[in-house]
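Asker: Sequence:
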Amino acid sequence: MNADTKLLRLIVISPWTLLIFLAIPVLVILSVKFHIQLPVTNPTNLLLINNVTFAFLVAFRAIWYLTRTGKAIRYSIGSGRPRNAVNLPSPRAEAQRTLGSAGYAFIPDGSYGEKKDFGYFGTAIFYVGLLILLSVGILDNVRQFSAVLLDGMGSATKLARIGSYARVNKGLFPAGIESLPQLAITKQIFPDVNFPKGATEVSLFSEDGKKQSRILIPGNPISYGDYDISMTKLVFEPQLVIKALDSTVLFDQRVKLDPLVQKRGVYSFYGLFQGYGLGGGIYYQPEKSSLMVVVSRGDKKVVSDLVFQVDQQVTQGEFILSCAKMGQWSEIRVVHRRHQGLLLFGGIIALCGILLRIAIRPQRVWLEEALAGCVVRSIGKEAGRKLNYTGV
Numbered sequence: 100m101n102a103d104t105k106l107l108r109l110i111v112i113s114p115w116t117l118l119i120f121l122a123i124p125v126l127v128i129l130s131v132k133f134h135i136q137l138p139v140t141n142p143t144n145l146l147l148i149n150n151v152t153f154a155f156l157v158a159f160r161a162i163w164y165l166t167r168t169g170k171a172i173r174y175s176i177g178s179g180r181p182r183n184a185v186n187l188p189s190p191r192a193e194a195q196r197t198l199g200s201a202g203y204a205f206i207p208d209g210s211y212g213e214k215k216d217f218g219y220f221g222t223a224i225f226y227v228g229l230l231i232l233l234s235v236g237i238l239d240n241v242r243q244f245s246a247v248l249l250d251g252m253g254s255a256t257k258l259a260r261i262g263s264y265a266r267v268n269k270g271l272f273p274a275g276i277e278s279l280p281q282l283a284i285t286k287q288i289f290p291d292v293n294f295p296k297g298a299t300e301v302s303l304f305s306e307d308g309k310k311q312s313r314i315l316i317p318g319n320p321i322s323y324g325d326y327d328i329s330m331t332k333l334v335f336e337p338q339l340v341i342k343a344l345d346s347t348v349l350f351d352q353r354v355k356l357d358p359l360v361q362k363r364g365v366y367s368f369y370g371l372f373q374g375y376g377l378g379g380g381i382y383y384q385p386e387k388s389s390l391m392v393v394v395s396r397g398d399k400k401v402v403s404d405l406v407f408q409v410d411q412q413v414t415q416g417e418f419i420l421s422c423a424k425m426g427q428w429s430e431i432r433v434v435h436r437r438h439q440g441l442l443l444f445g446g447i448i449a450l451c452g453i454l455l456r457i458a459i460r461p462q463r464v465w466l467e468e469a470l471a472g473c474v475v476r477s478i479g480k481e482a483g484r485k486l487n488y489t490g491v
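Just add 99 to the spot in the sequence shown (first one is 1) and you have the working numbering.
Please note: incorrect hints may appear among the correct ones.
Straight-line distance between alpha carbons at most 25 Å, and here's what the computed SDA-like set of lysine to any residue pairs gives [claimed, not checked]:
no., residue 1, residue 2
1, K332, T347
2, K269, S312
3, K105, K132
Each pair of labels, with its calculated beta carbon distance range [to be verified]:
no., residue 1, residue 2, range
4, P124, L344, 33 to 39 Å
5, K170, K296, 55 to 61 Å
6, G199, L129, 53 to 59 Å
These are computed hints drawn from the structure, not numbers from a lab.
Built from N, CA and C at the ideal position, the CB exists for glycine as well.
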């Protein structure tokens, strides 16, 4: 790149170009974490376009640096030229001969020279590692399939059927789910000493009828082909019915109860409900099928800590409370596995490359004719040692 342009330096050399592509990921993260509204309809697609463009730039840089690694002159002559200079009494031709015998290669007019260094190769493999990271990340995103279903004990559920799931998150070209098995829940284990967040015993049936019995524990996914199957939590759904004393129905809906981070007494599940003119919360103790309900109107509690069994009906004050039925579910998550090994491999290569670049400084020199001797500008200490002057 002897006669380089500003545009070419921007594409190939400038670190600021790379930083531009960090802006959109930062904005997307802020929008998710702090609910900042971005002026785009689909931030996910914007992020994908950003990463694909970034990958093309990194691929160009990786190819550029790799193809120039074996050349005598590899760096951009106009890039990195120091402002500070040293005046030497010897002519430029003599300085060039001295540096040439030390391994420096010069362009034909002798005004610029450099000595090979492994730091340049470090830059090349940094971009190769970064390209692996971006390529694998993009592939995983477009092939993404992540879904959640609520399932209880009973007949087997076909995980290969999209309609089985309550929530689905897919990439542009999602991985096929035809290979997923049927799943039947055989036992739900309430939170205890052995399973603080509960557990679910399941049977997995493949297409050929083979059966696997596994235990799903929150935080410990099991592998099935290209997928990870995990239990996120136990969920209970009582259908709470609140009536006035004259049997007028004030509330009749299912209420989702999630696990409490810390128990409230004997109760380990909790959920909020809101109806017309009243609301409140439900606590649940699954071991004894015991509900504790708090009903409020405005800021005033009108029924406090009313405890009753699932199959009972109780009256307090002006309300009649009962649980019409109780749903007991395991929340199961199915995720197409990402290529963690390739991501780690790319990360290691990129890290090695950048450490090599930091550890080994380029050895470059610019020589200019002067009335008496020559003017020397240099990067690295090699030129100064050979020409007997201190670094600039």
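Asker: To test your reading of the hints: which numbers does this structure violate?
Answerer: 1, 2, 3, 4
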